[in-house]
Amino acid sequence: MMDAAPLLNVLIKYWLPFIAINVVIPALLAPLLDGIERRVRARIQCRRGPPILQTWYDLVKLFRKGAVTGGPIIFRLAPYIAFTVSILTLSLIPTLLNASLSFLGDTIVFMYLLAVPSVIISIGSIYTGSPLASVGSCREVSLWMAYELVFALSVATLAIDRSSLLLRNILPPYPPLHPSTILAIAIIAFLTYAEGGRLPYEIPEAEPELAGGIVLEYGGAELGLVKYALLVKRITLSTLLIDLILPRTWLTSILRSKMWFLGIGQVVVSATYISLLVILSITYSAIEALYGRLRLDQALSVLKKSVIIAGVAVLAALMGY
Amino acid sequence: MGRLGFIKDYLRYGVVTEKYPYEPVPTPETFRGKPVIDSSKCLGCGACVNACPANALSIEDDLRGGIRWVRLFIGRCIYCGRCADACPVGAIELSREFELSALESKDLIQEVGLRMVKCVICGKPFTTYRLVREVMRELSPDERVLTLVCPECRAKLTAVNTSFARW
Amino acid sequence: MGRGDGLYRKSLWVFHMNTGGCNGCDIEVINVLTPWQDVERFGIKLVGSPRHADAILFTGPVTNEVLPRAVRAFMAVPEPKVVVAIGSCACGGGIWHDSYSVLGGIDRFYDYLRKRYGIEPPPTVYVPGCPPRPEAIIYGICLLRGLVKGKQRREVYVEGEVDLSSLKDLLPPDWVVRTDLMRRWVRWFT
Amino acid sequence: MQHSWVTNGCRELVDLLSRYGSVEEVGNAYLVKVRAEDLPEVANELQWGLGGYYSTSVGADFRPIDGTYKLYHIFSVPQCSRYVVTQASLPPSLPKAPSITPVIPGANWGEREVRDMVGIEFEGHPEPKRLVLPHNWPEGIHPLRKDFPYDRKLIIEGVDDEVEHVDELARKYQVVPIGPYHPALHEPEYFELYVDGEVVVEARYKGFMVHRGIEKVAESRMTLNQVPFIAERICGICGFTHSCCYCQAVESALRIEVPERAKYVRTILLEIERIHSHLLWMGVALHVLGFDTGFMAYWRIREPVMRLAEELTGNRKTYGANVVGGVRWDIREDHVEKALRILRRVREECVALTEKVLKIKEVVSRMKGVGYLSREDARRICVVGPTARASGLDIDVRRDHPYAAYGELDFRVPVRDEGDVLARFLVRYEEVLESVSIVEQALQNLPKTPLINEDYEVVPLRIGVGATEAPRGEDVHLVVTGLGNKVYRWRPRAPSYNNIPATLYMLKGAYLADAPIIIASIDPCFSCTDHCLVIDVRSGSSRFVSFRELVRGGYRG
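Chains as they are written, first to last, in my numbering: chain A, 7 to 327; chain B, 41 to 207; chain C, 622 to 811; chain D, -2 to 554.
Hints are computed from structural coordinates only; laboratory data are not their basis. Treat the hints with care, as some may be off.
Stated by the list, open to error - List of simulated lysine-lysine pairs, DSS-like, C-alpha gap at most 27 Å:
id	chain 1	residue 1	chain 2	residue 2
1	D	Lys93	D	Lys143
2	B	Lys146	C	Lys770
3	D	Lys358	A	Lys310
4	B	Lys146	B	Lys81
5	D	Lys365	A	Lys311
6	B	Lys59	C	Lys772
7	C	Lys772	B	Lys146
8	C	Lys770	B	Lys59
9	D	Lys365	A	Lys310
10	C	Lys736	D	Lys150
11	B	Lys81	C	Lys789
12	D	Lys356	B	Lys48
As the list claims (entries may be wrong) - Quick list of simulated restraints, FRET-style, between CB atoms:
id	chain 1	residue 1	chain 2	residue 2	range
13	D	Pro61	C	Lys770	52 to 58 Å
14	B	Glu183	C	Pro742	52 to 58 Å
15	C	Gly767	B	Val65	18 to 24 Å
16	B	Val65	A	Pro185	54 to 60 Å
17	A	Ile314	C	Pro742	58 to 64 Å
18	B	Glu100	C	Leu785	18 to 24 Å
19	C	Leu785	B	Ser203	26 to 32 Å
20	B	Ser203	C	Val779	40 to 46 Å
21	B	Pro191	C	Tyr778	22 to 28 Å
22	D	Phe145	B	Cys162	37 to 43 Å
23	D	Pro61	C	Leu791	45 to 51 Å
24	B	Tyr53	C	Lys770	29 to 35 Å
25	D	Tyr453	B	Ala199	33 to 39 Å
26	A	Pro185	B	Glu63	53 to 59 Å
All C-beta atoms in this analysis are idealised placements derived from N, C-alpha and C, irrespective of residue type, glycine included.
With these hints in hand, go ahead and build the complete structure from the sequences.
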């Protein structure tokens, strides 16, 4: 009891605000960004499109419907695990605040946690025995392995360049901006697009082919959680890209030295972060609207090429470029 | 890049979505919408019932109440307009109304109940007053009385007359 | 509308099920998703799995072959569900209402559900038309969600009491005598 | 002397037919009464000797008339612009005829349908299984026999009992169902794909769930002039072509002269229907390929066409214009102007859009070389329409058997040799442009005659063949007029009927991801096909995958 009090104090003083600002707000923002994306896509298709809040409406409706899914336990649990993990992943990188949970090897943990939601849902779907869902799962897993490889190589490039596995350390500013760093960031930018399950890489769900693929068997709140987990994953990926290009600490310190008000730097960074998120969403959705779906083998051949490029980046980083 | 052409299309055509249901959409004047029976004109002759390919129109005689029901079930109607072609008095027409949805299927029914003439011989209702009136107009005053006799009794009457004549 | 009140006001996912229709309604259903009508603006989305759906669209008179599949898809839609019967086939069996191979519309389908499984019908909107215009489908769904007022009502007209004297102007003056004579004449002989 | 009416060098055909029986000319068709045992030989001569195309088979119960069953096979002989109808009379006790399927594989479904619906047995049929009716339909009941009441509701309760047949394929490969409710289909049809990894090894088809008993209803309940309206509802996309085809069959049977203007109005509406149908298909194809922006764009272009149709006829889809002897709606002067304006814009936008779409790499790469159907296979399965024309078969009813006003208008029939999905896409695209030009010509040359010729008499038991080129291919109707202003026998054969079997050829060896676009590429109109039949290719030895498994997944975990 005696020891718990200061811990609780720390929790209330630092952790709760951190979680509230850095995790909850972006998580709440995620469906909103999806609303923007849907609207942008609609506009490119010359139609009015749904209200910005539409994704929220959808999720609220799904949650109000309650749990409706039956079946094997792993299948039923998968959405909860997926959602929790996706929130955890989000807490590992700086979002609104410059801070994040940071520990040795967090880069690797981040990489793996990012993949957990789709993998766990794939496993759950295989257990349903539905053929379409299993085909979707197979596709999801093949894609995931390709993504993971490319992702690992790009992160390795950055880690080698900065000689650190702490996520905090591989983020900007990059005092010497090496070509390998630029290449790695470019590849990660591509991955944040593709791994977010956007066309032409939206292959596992593939509505017209697999009727929803891996999410086929979910309904009600579980479906909401799966969808929400995907949205959180998307915002995590976008955040990662923003973190890699936005020199947060540099921006904060500059502003702090120039301005009388201490917090202003953080506020500017947060605002920049959110506007970058919106810009990214608009760009991504505009790109998405202009693409058709690739076949799995075609997508894998594109990813193969990016593995080669990422390999080149690693070699370059090793040689000090 | 060919794809960017689609963004150009958006800039060129803009949002084409109509505002319905907040603003009404026009229907062309040729539009074949909800068939409406003009209950003041309908004779209850059943020409439309015979013409209707979908059996959306039906006719039923309530002998006890002496009412002929012409029933239109727009939930079965195929909006072909054959009833309007067939109607001798133009009592049924296709309107331009298309907002026909209802939460209960009974709301999709239009019924016209017409009083029936009781046969002056057997007392059984057999046709509507309006139809009789229409038929009478075509006939000379002397023949008109016969229209108040139902077909069966008319057959009997003819039989009686011929046998009487022979006798 | 009973169950699911307000739940679907902002968001409604529909599962489209052709229960033996001719394709006309099905294409109009797709039509409402496309730029000119774009029902996504009401938060309506077509989904590929009945599990995801809130509403189920019936287009067609429910053929024999489709019936068991329709029942299963119907059951797979989680409660609270709503039903949209699109087109005259789904509303009342349409032109084939009495054919040997169709059940004859959504009401017969409900009868079957009630009899066989003891299921009470969910809130249903009937959208007549052959096929209904896309706007009519939008209207139907808006009616179901309470966004517009329904105007279709059962109309019953009954002619006022009439008797033979109303035909007096056309009949010869001695018509009462004549009809009486006829009546006796026939009665006497038969 | 018997053949004094023979024109345009078709003596060869008539000579051939007269070898087998007496020949009679009915409108655009020759009716030849043959002996049942000659059927395979006649079929062989017509299809492979003369280069004709098998269209369909029709069975009819003539017991109330002359105590026999009649079996008709219909062939199209394009070079003579004639259809050939072979009529064989079969005894009522044990109606059977030699099968022509060994000679023409495309006759497989046609004969099996006759077997189910009328109860004629085919000797030597390679697959003598039930096709039309559900597998648990009672034996010995044939709906199209005249002693079967059309409104006898046989509710098949047993279908949902799970039947688990074990199939060696199902044990070896994963079974992936497409349907019966699948987002790419929009209609309840069922393809079962046996998949090795992502490659389809074998495909099977179970469809005909939209069987509504149209033929029976029309023959029992309807009058001659009500049938056009039920014919229109065979298909909600290409319904007008069906009603037109029916009317032409009756007009040909009863030798009714159709006024010129009516012919032009029919042509205009038929082509408007083709335009909207093809635009619809091109959009759906892109949707299936995941390119929704293209889908939306095609449908955006299509909407004015629909509104034009609504303005011309009063409904967007079911035009309700055709009756025997002519049409009901006229095209007004002010509509002509408007229609020309709309069509000009449709052409412009369609050209611009298709050019853009064809530059999109992943869309084109998913159509090129996919779903290949060789010319020889196409000929053997007797595919029709754009599917045939994309495989190098130069057939088009509009040109080969001119009807309505097509004989007087100038148009081109696009043909491609590649035989893949892209070729089918391009053939349809070119057809849209041709159709726009046809409508423009027809609108500008509308003759000023009455719209309808109602001066005819319904002579019973006359046979007529009607044929139109539906958006999906050749549409053939056979009509036997009946007593009392009715039809005695009416058999519509929709184009998808001949095209669907081709998908099974195309699917073999394809990627699973390509299956939906392959199925979609023939523009299958299942309701057209199913109006009268149900097929179960897998009955007996194969595994029945229950619906729960398809959509909900049979939880076996």
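Item to check | Hint numbers contradicted by this structure | outcome: none
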